[in-house]
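Going down the list, the sequences are from chains E and G. Add 739 to the 1-based position in the first sequence for my numbering, that's all there is to it. Add 4 to the 1-based position in the second sequence for my numbering, that's all there is to it.
Please note: incorrect hints may appear among the correct ones.
[As the list claims (entries may be wrong)] Using C-beta positions, here's what the derived DEER-type ranges look like:
{"id": "1", "chain 1": "G", "residue 1": "Thr6", "chain 2": "E", "residue 2": "Glu825", "range": "51 to 59 Å"}
{"id": "2", "chain 1": "G", "residue 1": "Arg8", "chain 2": "E", "residue 2": "Asp765", "range": "31 to 39 Å"}
{"id": "3", "chain 1": "G", "residue 1": "Ser219", "chain 2": "E", "residue 2": "Glu842", "range": "54 to 62 Å"}
{"id": "4", "chain 1": "G", "residue 1": "Leu57", "chain 2": "E", "residue 2": "Glu842", "range": "51 to 59 Å"}
{"id": "5", "chain 1": "E", "residue 1": "Glu786", "chain 2": "G", "residue 2": "Ala32", "range": "56 to 64 Å"}
{"id": "6", "chain 1": "E", "residue 1": "Ser857", "chain 2": "G", "residue 2": "Ser219", "range": "35 to 43 Å"}
{"id": "7", "chain 1": "E", "residue 1": "Glu842", "chain 2": "G", "residue 2": "Ala28", "range": "26 to 34 Å"}
{"id": "8", "chain 1": "G", "residue 1": "Pro146", "chain 2": "E", "residue 2": "Ser777", "range": "18 to 26 Å"}
[What the hints assert, rightly or not] Below, in silico cross-link-like pairs of lysine-lysine (PhoX-like), each with a Cα-Cα straight-line distance of 20 Å or less:
{"id": "9", "chain 1": "G", "residue 1": "Lys27", "chain 2": "E", "residue 2": "Lys884"}
{"id": "10", "chain 1": "E", "residue 1": "Lys831", "chain 2": "G", "residue 2": "Lys27"}
{"id": "11", "chain 1": "E", "residue 1": "Lys773", "chain 2": "E", "residue 2": "Lys831"}
{"id": "12", "chain 1": "G", "residue 1": "Lys15", "chain 2": "E", "residue 2": "Lys888"}
{"id": "13", "chain 1": "G", "residue 1": "Lys178", "chain 2": "E", "residue 2": "Lys743"}
Read the hints as simulated data drawn from the structure, not as lab findings. Even glycine gets a Cβ: it sits at the ideal position worked out from N, Cα and C.
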Amino acid sequence: MDLKEQYDKLLKYCYMKLNNREAAEDIVQEAFLKFLQSRSYKDTGREMAYLYTIARNLCIDELRKPVTESLDEHFDLPDSGGNNPETELENKELRAALEKLPEDLREIIVLRYTDEMSVTDIARVTGMSRYAVHRRLNEGLSRLKRMLKGEQK
Amino acid sequence: MTDREIKNMLKNAYQTAPTEREKAFIRANEQRSLRLFDVLKLEMKYMGVKCILSGLLFCTGLIAVAKAGDLQTVRYISSLFPLMALMLTELLGKTEKYGMSELEASTRFSLKFIRLVRMLLLGSISLGIICAFSLAVKNTVPFGLITLLGFMGVPYLANVFGSLLITRKWHSEKNYIGCIICTAVSCALPSVLKFLLKPENISPLYPALVLLIVSSAVIRESILFIRESGELAWN
Numbered sequence: 740m741d742l743k744e745q746y747d748k749l750l751k752y753c754y755m756k757l758n759n760r761e762a763a764e765d766i767v768q769e770a771f772l773k774f775l776q777s778r779s780y781k782d783t784g785r786e787m788a789y790l791y792t793i794a795r796n797l798c799i800d801e802l803r804k805p806v807t808e809s810l811d812e813h814f815d816l817p818d819s820g821g822n823n824p825e826t827e828l829e830n831k832e833l834r835a836a837l838e839k840l841p842e843d844l845r846e847i848i849v850l851r852y853t854d855e856m857s858v859t860d861i862a863r864v865t866g867m868s869r870y871a872v873h874r875r876l877n878e879g880l881s882r883l884k885r886m887l888k889g890e891q892k
Numbered sequence: 005m006t007d008r009e010i011k012n013m014l015k016n017a018y019q020t021a022p023t024e025r026e027k028a029f030i031r032a033n034e035q036r037s038l039r040l041f042d043v044l045k046l047e048m049k050y051m052g053v054k055c056i057l058s059g060l061l062f063c064t065g066l067i068a069v070a071k072a073g074d075l076q077t078v079r080y081i082s083s084l085f086p087l088m089a090l091m092l093t094e095l096l097g098k099t100e101k102y103g104m105s106e107l108e109a110s111t112r113f114s115l116k117f118i119r120l121v122r123m124l125l126l127g128s129i130s131l132g133i134i135c136a137f138s139l140a141v142k143n144t145v146p147f148g149l150i151t152l153l154g155f156m157g158v159p160y161l162a163n164v165f166g167s168l169l170i171t172r173k174w175h176s177e178k179n180y181i182g183c184i185i186c187t188a189v190s191c192a193l194p195s196v197l198k199f200l201l202k203p204e205n206i207s208p209l210y211p212a213l214v215l216l217i218v219s220s221a222v223i224r225e226s227i228l229f230i231r232e233s234g235e236l237a238w239n
């Protein structure tokens with residue numbers, strides 16, 4: 740497993756879930772430590788699904804905690820890894836559109852297209868059937884397209 | 005805006021630059037996420053292409069000689085295989101020879117892990133050569149493959165066992181001299197056996213049994229070698 744690559748992907752997922760980079764990074768590191776300590780994923784044969792399930796549960800726990808004011812609400816995202824201003828603007832629009840989507844659709848879209856996870860693994864992480872994942876992906880993508888088209892007009 | 009464009013944009017939607025904290029975490033946990041196969045790939049680079057190529061050349065040369073020669077040549081060639089075991093022990097001793105223990109221990113891998121991987125790599129290359137050779141000359145000799153493997157593999161494995169035992173017990177000069185003597189004895193083993201046994205007359209059960217016993221001894225010695233010499237001498 741390429742730790743760096745998976746770390747980046749998981750961070751994007753947790754950041755989407757929590758909308759707070761610092762908290763997302765805490766969750767990612769905790770998830771990785773739990774994942775590396777436990778070897779039970781070997782029995783399941785789906786280590787990515789196992790890792791994401793740990794992170795997802797940790798995010799849910801985090802969201803249940805009493806709400807504290809997030810710094811990310813006041814400040815922009817940290818340096819986005821060398822993107823040019825135009826791309827960064829597009830990303831902001833896209834993130835804003837994603838925020839408007841229902842939680843379950845947003846999660847599936849990010850897992851599929853941002854983290855490039857397989858539909859089978861998404862189904863395992865979210866507890867849905869593969870068919871339901873496919874259906875939600877199509878629905879989410881078309882909603883996102885409509886929103887972005889609306890913004891462009 | 006097409007679906008493809010949206011999908012491409014989504015790839016970087018939550019992209020952020022790596023923080024110091026992220027880099028430190030990855031550095032600290034990289035080894036734990038590595039699998040044996042990843043380290044094997046890294047060690048292959050450490051060993052170098054020269055070592056692997058010379059092994060293949062050695063094997064090809066032996067096969068060519070054996071194919072052209074008679075049964076006697078094949079018998080004598082088995083005397084050369086223990087030399088590969090000496091090469092293996094020498095490469096394993098590289099860490100100690102060049103005083104690299106401290107440096108290697110400070111890397112992301114433990115010494116035990118490094119030794120295990122090297123032994124796996126070198127052992128599989130050597131055994132691969134012996135098997136390839138045995139298969140290639142199978143039709144040249146008047147006895148079965150198991151007997152042939154026994155006569156080719158036992159001197160090599162005996163030398164691996166002896167050299168590992170010596171390396172585990174002795175260090176520095178004593179170790180080198182011991183390993184050379186052990187190699188010489190192992191090289192002479194096929195010639196001694198030649199006077200005692202005729203491979204074409206014995207049942208394949210005996211070579212298989214001897215091969216099994218020597219292999220078990222090598223596996224046991226390898227485990228002890230990794231377990232004991234993995235720790236630093238000054239600890």
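Here is how each hint holds up against the structure:
1. Taking the beta carbon of each, Thr6 (chain G) and Glu825 (chain E) are about 18 Å apart, not inside 51 to 59 Å as hinted.
2. Between Arg8 (chain G) and Asp765 (chain E) the Cβ separation comes to about 35 Å, which falls inside the hinted range of 31 to 39 Å.
3. Evaluation of the 54 to 62 Å hint for Ser219 (chain G) and Glu842 (chain E) yields a pass: the beta carbon distance comes to about 58 Å.
4. Take Leu57 (chain G) and Glu842 (chain E): their Cβ atoms lie about 57 Å apart, and the range 51 to 59 Å holds.
5. Checked against the given bound of 56 to 64 Å, the beta carbons of Glu786 (chain E) and Ala32 (chain G), roughly 20 Å apart, lie outside it.
6. Distance hint check for Ser857 (chain E) and Ser219 (chain G): the Cβ-Cβ separation is about 42 Å, which falls inside the suggested range of 35 to 43 Å.
7. Taking 26 to 34 Å as the suggested C-beta distance range, the pair Glu842 (chain E) and Ala28 (chain G) conforms, at roughly 32 Å.
8. Checked against the hint of 18 to 26 Å, the pair Pro146 (chain G) and Ser777 (chain E) fails, with Cβ atoms roughly 57 Å apart.
9. Annotation: proposed proximity of Lys27 (chain G) to Lys884 (chain E) is violated, straight-line Cα distance about 35 Å (limit 20 Å).
10. With a C-alpha separation of about 25 Å, the suggested pairing of Lys831 (chain E) with Lys27 (chain G) is violated against the 20 Å cut-off.
11. Taken as a hint, the Lys773 (chain E) and Lys831 (chain E) pair is broken in the structure, with Cα atoms around 32 Å apart against an allowance of 20 Å.
12. For the proposed pair Lys15 (chain G) and Lys888 (chain E), the alpha carbon gap of about 19 Å is at most 20 Å, so the pair holds.
13. With a CA separation close to 46 Å, the supplied pair Lys178 (chain G) and Lys743 (chain E) exceeds the 20 Å bound.
Checked against the numbered hints given earlier, the structure breaks hints 1, 5, 8, 9, 10, 11, 13 and satisfies all the rest.
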